[in-house]
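K.L.:
Taken in order, these protein sequences are the chains called A and B.
Taken in order, the first sequence gives residues 1 to 114; the numbers are from the working numbering.
Taken in order, the second sequence gives residues 1 to 115; the numbers are from the working numbering.
Please keep in mind that the hints were generated in silico from the structure rather than gathered at the bench.
Any given hint might turn out to be false.
Going by beta-carbon spacing under 8 Å, a handful of chain A positions derived as facing chain B [claimed, not checked]:
id	residue
1	Gln-42
2	Gly-43
3	Lys-49
4	Leu-102
5	Trp-104
6	Leu-106
7	Gly-107
8	Thr-108
9	Ala-111
10	Val-112
Straight-line distance between alpha carbons at most 27 Å, and here's what the computed DSSO-like set of lysine-lysine pairs gives [what the hints assert, rightly or not]:
id	chain 1	residue 1	chain 2	residue 2
11	B	Lys-14	A	Lys-101
12	A	Lys-69	A	Lys-101
13	B	Lys-101	B	Lys-66
14	A	Lys-68	B	Lys-101
15	B	Lys-66	B	Lys-20
16	A	Lys-68	A	Lys-101
17	A	Lys-49	B	Lys-101
18	B	Lys-14	A	Lys-58
19	B	Lys-41	B	Lys-20
20	B	Lys-64	B	Lys-20
21	A	Lys-58	A	Lys-69
22	B	Lys-20	A	Lys-58
23	B	Lys-101	A	Lys-101
24	B	Lys-41	B	Lys-14
25	A	Lys-49	B	Lys-41
26	B	Lys-101	A	Lys-69
27	A	Lys-49	A	Lys-68
28	B	Lys-64	A	Lys-101
29	B	Lys-41	B	Lys-55
30	B	Lys-41	A	Lys-101
31	A	Lys-49	A	Lys-69
32	B	Lys-66	A	Lys-101
Treat the numbers as computed from the prediction; the structure is a model and nothing was measured.
Ideal placement from N, C-alpha and C gives every residue a C-beta, glycine not left out.
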Amino acid sequence: AQSVTQLGSHVSVSEGALVLLRCNYSSSVPPYLFWYVQYPNQGLQLLLKYTTGATLVKGINGFEAEFKKSETSFHLTKRSAHMSDAAEYFCAVSGAGNNRKLIWGLGTSLAVNP
Amino acid sequence: GAVVSQHPSWVICKSGTSVKIECRSLDFQATTMFWYRQFPKQSLMLMATSNEGSKATYEQGVEKDKFLINHASLTLSTLTVTSAHPEDSSFYICSASIPNKNIQYFGAGTRLSVL
């Protein structure tokens, strides 16, 4: 079985500050891990993913995440927050293989203050 | 690449009527599509997995006779909400998976309001 826990349903940062959104997972099989972003009234956009290989994954818009197996974590970071980063962020896990369904976290709402 | 189009983006209907939502993969063939429901300020709830040419696999608790899913081609899946009621009002999102890839690409969602 797999599950995802996103710590903090709401995170608020100042523009230019570091963004850290936490995601912990549990999985009985090697996980594939994903971060998606959702802007109001829109679908989801893939930010980045980890499947195999390098544990530090770089995504779009300056975001990156590091897979830490020992900590069962896949936290999302960005060095300098921008106003346009304000959105809902979802962490998800699936098993390896093709077309596997995603198990979703509850999401973290990021607010960026001027 | 990997664009998924969902239509309509917003629909209002009367209670008891049926509503069809379309999900199209525009620049790739999607053997698998997923349908989600999302309540305000909540995460996505997977409703069903749709495979081209076969019956959809519904998640536990989802009424297959109420939420009809058809995936007749490699680029189109439809979700029909039959005899809609106000409690069916929600944000419905589809996604499509590229064959042999474990990445889902999402449509922009459909907001359904049942009066």
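K.L.:
If a hint holds in the structure, say so; if it doesn't, say that too.
P.N.:
Here is what the structure says about each hint:
A distance limit of 8 Å between C-beta atoms decides the matter here; for Gln-42(A) the minimum to chain B is near 5 Å, and the interface restraint holds. Nearest Cβ of chain B to the Cβ of Gly-43(A): about 4 Å, under the 8 Å cut. The hint holds. Checking Lys-49(A) against chain B: minimum C-beta separation of about 6 Å stays under 8 Å; hint holds. At a threshold of 8 Å, the smallest CB-CB gap from Leu-102(A) to chain B is about 6 Å, leaving the interface hint in force.
At a threshold of 8 Å, the smallest CB-CB gap from Trp-104(A) to chain B is about 5 Å, leaving the interface hint in force. A hinted interface residue such as Leu-106(A) counts as satisfied when its beta carbon comes closer than 8 Å to some beta carbon of chain B; here the least separation is about 5 Å, so the hint holds. Taking 8 Å as the C-beta cut-off, the interface hint given for Gly-107(A) holds, the closest approach to chain B being about 5 Å. A least Cβ separation of about 10 Å between Thr-108(A) and chain B goes past the 8 Å threshold, and the interface hint is therefore violated.
With a least beta-carbon distance of about 13 Å to chain B, the hint placing Ala-111(A) at the interface is violated under the 8 Å criterion. Proximity of Val-112(A) to chain B is violated relative to the hint, the smallest CB-CB distance being about 18 Å (cut-off 8 Å). With a C-alpha separation of about 33 Å, the suggested pairing of Lys-14(B) with Lys-101(A) is violated against the 27 Å cut-off. Under the criterion of a C-alpha separation no larger than 27 Å, the hint pairing Lys-69(A) with Lys-101(A) is consistent with the structure, at around 21 Å.
For the given pair, Lys-101(B) sits about 30 Å from Lys-66(B) by alpha-carbon distance, which is inconsistent with the 27 Å threshold. Among the hinted pairs, Lys-68(A) with Lys-101(B) is consistent with the structure: their alpha-carbon atoms are about 23 Å apart, no more than 27 Å. With a C-alpha separation of about 12 Å, the suggested pairing of Lys-66(B) with Lys-20(B) holds against the 27 Å cut-off. At roughly 22 Å between alpha-carbon atoms, Lys-68(A) and Lys-101(A) fall within 27 Å of each other, so this suggested pair holds.
Annotation: proposed proximity of Lys-49(A) to Lys-101(B) holds, straight-line Cα distance about 12 Å (limit 27 Å). For the given pair, Lys-14(B) sits about 46 Å from Lys-58(A) by alpha-carbon distance, which is inconsistent with the 27 Å threshold. Between Lys-41(B) and Lys-20(B), the direct Cα distance comes to roughly 24 Å. Compliance with the 27 Å bound is thereby established for this hinted pair. Between Lys-64(B) and Lys-20(B) the alpha-carbon distance is near 14 Å, which keeps this suggested pair within the 27 Å criterion.
Proximity of Lys-58(A) to Lys-69(A) is assessed by CA-CA distance (about 17 Å); at most 27 Å being required, the pair is judged to hold. Between Lys-20(B) and Lys-58(A) the CA atoms are separated by roughly 38 Å; this puts the pair beyond 27 Å, and the hint is violated. This hinted pair checks out: Lys-101(B) and Lys-101(A) have alpha carbons roughly 12 Å apart, not beyond 27 Å. Between Lys-41(B) and Lys-14(B), the direct Cα distance comes to roughly 25 Å. Compliance with the 27 Å bound is thereby established for this hinted pair.
For the hint linking Lys-49(A) to Lys-41(B), the alpha-carbon distance of about 23 Å falls within 27 Å, and the restraint holds. About 22 Å separates the Cα atoms of Lys-101(B) and Lys-69(A), which keeps this hinted pair within 27 Å; it holds. For the hint linking Lys-49(A) to Lys-68(A), the alpha-carbon distance of about 13 Å falls within 27 Å, and the restraint holds. For the given pair, Lys-64(B) sits about 18 Å from Lys-101(A) by alpha-carbon distance, which is consistent with the 27 Å threshold.
Taken as a hint, the Lys-41(B) and Lys-55(B) pair is broken in the structure, with Cα atoms around 31 Å apart against an allowance of 27 Å. Proposed proximity of Lys-41(B) and Lys-101(A) is supported: the alpha carbons are some 21 Å apart, at most 27 Å. This hinted pair checks out: Lys-49(A) and Lys-69(A) have alpha carbons roughly 15 Å apart, not beyond 27 Å. Between Lys-66(B) and Lys-101(A), the direct Cα distance comes to roughly 22 Å. Compliance with the 27 Å bound is thereby established for this hinted pair.
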